[in-house]
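Dock chain one against chain two, each of which comes alone in its own frame, and use the hints as you go.
Top line first, the protein sequences correspond to chains A and B. Taking our numbering, the leading residue of the first sequence gets 1, the next gets one more, and so forth. Taking our numbering, the leading residue of the second sequence gets 114, the next gets one more, and so forth.
Keep in mind the hints are simulated off the structure, nothing from the lab. All of these numbers come straight from a predicted model, not from anything done at the bench. Certain hints may be false.
[Unchecked claim] Computed list of lysine-lysine pairs in DSBU-like fashion (alpha-carbon distance at most 35 Å, straight line):
#1 Lys182/B to Lys227/B
#2 Lys57/A to Lys13/A
#3 Lys162/B to Lys227/B
#4 Lys57/A to Lys182/B
#5 Lys162/B to Lys57/A
#6 Lys162/B to Lys182/B
#7 Lys162/B to Lys191/B
#8 Lys227/B to Lys13/A
#9 Lys227/B to Lys191/B
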Amino acid sequence: KAGVTQTPRYLIKTRGQQVTLSCSPISGHRSVSWYQQTPGQGLQFLFEYFSETQRNKGNFPGRFSGRQFSNSRSEMNVSTLELGDSALYLCASSARTGGTEAFFGQGTRLTVV
Amino acid sequence: AQSVTQLDSQVPVFEEAPVELRCNYSSSVSVYLFWYVQYPNQGLQLLLKYLSGSTLVESINGFEAEFNKSQTSFHLRKPSVHISDTAEYFCAVSEGPLTGGGNKLTFGTGTQLKVEL
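Chain B on its own, in the form it takes in the complex (with noise of 0.2 Å):
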């Protein structure tokens, strides 16, 4: 079985400071990871994955996050944010391959960004 711990439901910041949103993973499996952003009354985003390569990834609107193994995180970070980044940030994980496990994600209970000015 897997889990995903999302260690701060909310984040507040002020524009143009750095974030760091923490998520730690446990399985017994390899994995995937994934973060996905959600606005109010809206699907989820995906923002960034890590599926096999380099261990940072990076978005087009400037978020990225690292795969730490041996600590089993992937933290999403962002060097200067802005207002229009407030919305829930979701950690998420699948099964890596060999396991047979398909799509299924696993998803952190969540943290809310509020970027204020």
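Same shape as in the complex, but just chain A (with noise of 0.2 Å):
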């Protein structure tokens, strides 16, 4: 059974850009996480979808946002990139929201330049 993918797998952006990053789950799994991983904040909860809805929110601002399509593939969108977003983003699927483990993808190495 195939793995978490998420593409692309680097990034390079420049300040004020927008980008998007793309996640397709395990099949058959239908909650998508986001999570950013820096070296000065760690691991950070961007939101999640289950079923096409957002389930839950992290503490980011809005240009950071998020969508789920109904074959439970998801996307982050970052609008007006600043540097400090340079980052790992992590997509993490799970079989259903709550009471399971979540499986990470290889993440998006996104650098603001």
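Dropping the structure here:
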């Protein structure tokens, strides 16, 4: 069974631009969560989507948004990029929402210059 | 709100020696507990989980962790480490049943395990 697929793996963007990251969960999984990992702040929860609905949201500005499609694939968008948005963005896939483990993708390394 | 404390940022250990990576959590509700491992430039791999049942959980590669509710701990142990265990280890919690918290994970700051010859 294929794992969680995140594309692209690496991305370089300029300050002020916007970016869209993609995540395909494990087949049959309906929950997708996003995390930001930085050396200074560690791993922080961005949001969770389940059956196309945002289930939970972390403490990030409105520049960070996401959505989930009917096939459970999810996208995350960051608008008006700032240097501080440089991070590893990780997507996690779960079979249901709550009471189960999350499986992570390899991540997308975003560098803002 | 929940929080996770990993008391050691780095743990050096010789190969074949035992190791314990400490994790304490704080939560006003029941929790599920996880350990994840991250190798350089990789995502997180689930090492083991406590959802319910036996408080001692084991992984296929020799790690084990014990959920101690009274001490709010979930320490990770391995009786004999190998060079290939060198990685960063993260402890995480999510809200338990009947709380509606979904899959949101709160992570500790990580412990870098360095196994030396």
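Worksheet item: Which of the listed hints are not met by the structure?
Response: none
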